[in-house]
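Novice: Protein chains in written order, with our numbering: chain A, 97 to 297; chain B, 97 to 297.
One or more of the hints may lead you astray.
Just so you know, same-sequence chains aren't split out, so a pair can sit in one copy or run between any two.
Straight-line C-alpha distance at most 25 Å; calculated SDA-like pairs for lysine to any residue [claimed, not checked]:
#1 253 with 161
#2 249 with 168
#3 253 with 156
#4 253 with 155
#5 143 with 163
Since the hints were derived computationally from the structure, they do not count as laboratory data. Source: prediction; values computed, not measured.
Protein chains: 2
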Amino acid sequence: MSQARFEFWYDFSSPFAYLGSTQVEALAARCQATIEWRPFLLGGLFKLIGTPDVPLFTWSEAKRRYTMLDMQRHADLYGVPFRWPSHFPLLTVAPLRLALAAGPDIARLSRGVFHAFWAEDRDISKPEELTAVCTSLGLPAELVGRTQDPAIKEALKRSTEEARDRGLCGAPSFVVGSEVFWGQDRLHFVERALRGQAPTP
Amino acid sequence: MSQARFEFWYDFSSPFAYLGSTQVEALAARCQATIEWRPFLLGGLFKLIGTPDVPLFTWSEAKRRYTMLDMQRHADLYGVPFRWPSHFPLLTVAPLRLALAAGPDIARLSRGVFHAFWAEDRDISKPEELTAVCTSLGLPAELVGRTQDPAIKEALKRSTEEARDRGLCGAPSFVVGSEVFWGQDRLHFVERALRGQAPTP
Chain A
97 MSQARFEFWY DFSSPFAYLG STQVEALAAR CQATIEWRPF LLGGLFKLIG TPDVPLFTWS
157 EAKRRYTMLD MQRHADLYGV PFRWPSHFPL LTVAPLRLAL AAGPDIARLS RGVFHAFWAE
217 DRDISKPEEL TAVCTSLGLP AELVGRTQDP AIKEALKRST EEARDRGLCG APSFVVGSEV
277 FWGQDRLHFV ERALRGQAPT P
Chain B
97 MSQARFEFWY DFSSPFAYLG STQVEALAAR CQATIEWRPF LLGGLFKLIG TPDVPLFTWS
157 EAKRRYTMLD MQRHADLYGV PFRWPSHFPL LTVAPLRLAL AAGPDIARLS RGVFHAFWAE
217 DRDISKPEEL TAVCTSLGLP AELVGRTQDP AIKEALKRST EEARDRGLCG APSFVVGSEV
277 FWGQDRLHFV ERALRGQAPT P
């Protein structure tokens with residue numbers, strides 16, 4: 097019997113990815129599906145496909161104001177904390193590499209990093225903050241040192257190129273089979289796709 | 097007793113507004129609400145707030161391809177026909193004025209124009225096509241002549257400025273009280289807002 101599964105592609109720099117990260121596990125439980133957590137560098141993908149580095153900064157004031165409100169509405173809908181970080185944008189290479197280094201603890205670590213940045217306004221580009229996140233989760237602080245490991249560096253680069261090759265255009269993205277869905281506001285489509293590929297007894 | 101109501105702001109040039117137009121009446125019925133149909137010139141709003149005239153043309157190829165797929169997914173979800181028009185972009189000043197001229201028939205006329213463009217690939221910038229739409233709906237063909245009426249011209253201009261003043265940043269937009277929601281994919285938020293302002297007996 098095959099198990100339904102989906103990939104969750106994310107960068108900690110995306111508020112929408114944070115919002116999505118708070119919902120993927122309940123979705124997976126509803127659909128009896130497994131999640132593959134796929135960190136990638138959103139700014140790197142933007143460079144590869146030709147998108148402004150921080151789209152928010154290119155928008156009209158009206159669209160920027162509306163989008164801020166829309167994020168808060170989603171946070172309220174989901175019942176999760178949300179606070180615009182004082183350090184934005186910031187470099188997420190280190191925390192993304194940390195997620196890749198976490199191995200079987202990637203989900204727990206990633207939720208912790210998302211929360212530190214989008215709920216607690218902590219500067220997740222700093223090794224000492226990442227160490228604090230690891231410690232609070234009961235994960236070894238040594239993980240942070242592995243962000244300098246050449247194999248981990250290469251893995252993040254490869255993931256970002258794979259995001260491009262798979263047709264992703266932003267974060268969060270969800271992949272079910274060969275179908276790509278973009279945005280936490282498309283999780284209902286992800287759910288329909290997962291139910292379509294329900295396990296055959 | 098006060099009746100729940102919402103405004104539906106649209107331009108026929110927007111595929112998302114077409115998709116939204118196919119859903120607003122069922123939503124209104126579920127919430128026992130009334131709809132105020134508010135045509136406005138999206139390109140005019142974009143000029144006023146500083147957005148590229150046709151955002152689609154400024155996107156990366158990956159985002160353009162994804163968005164086309166996303167539109168089709170919404171059409172499939174709603175069970176409505178959707179066909180990318182061969183005349184796109186096109187000038188929608190005439191059909192928008194026609195909607196304003198239609199008075200009490202604005203909903204019926206607007207649905208007819210949306211369908212002609214987004215399901216039947218008809219060039220709705222042409223007076224003869226607009227005449228055909230009116231005739232097929234049993235509305236007087238003379239309405240099309242009223243698109244040259246200075247008062248109607250002025251009304252469209254004022255609506256577009258009001259869209260800017262109300263904080264709109266795109267189409268479709270939905271307004272409940274002072275709350276703005278953007279996109280057919282936010283209709284669930286509109287529904288929640290309408291239920292919050294349920295009639296008091």
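Novice: Checking an output row: residue 143 and residue 163, CA cutoff 25 Å. Within, between, both or neither?
Specialist: both (23 Å within a copy, 19 Å between copies)
Novice: Are the CA atoms of residue 253 and residue 161 at most 25 Å apart within a copy, between copies, both, or neither?
Specialist: between (33 Å within a copy, 24 Å between copies)
Novice: Under a CA distance limit of 25 Å, which applies to residue 253 and residue 155: within one copy, between copies, both, or neither?
Specialist: between (28 Å within a copy, 23 Å between copies)
Novice: Within, between, both or neither: how does the pair residue 253, residue 156 come out at a Cα-Cα threshold of 25 Å?
Specialist: So residue 253 and residue 156 pass the 25 Å test across copies only (20 Å; inside, 32 Å).
Novice: If the cutoff is 25 Å on CA atoms, where do residue 249 and residue 168 land: within, between, both or neither? Let me know, please.
Specialist: neither (34 Å within a copy, 38 Å between copies)
Checked against the numbered hints above, the structure violates only hint 2.
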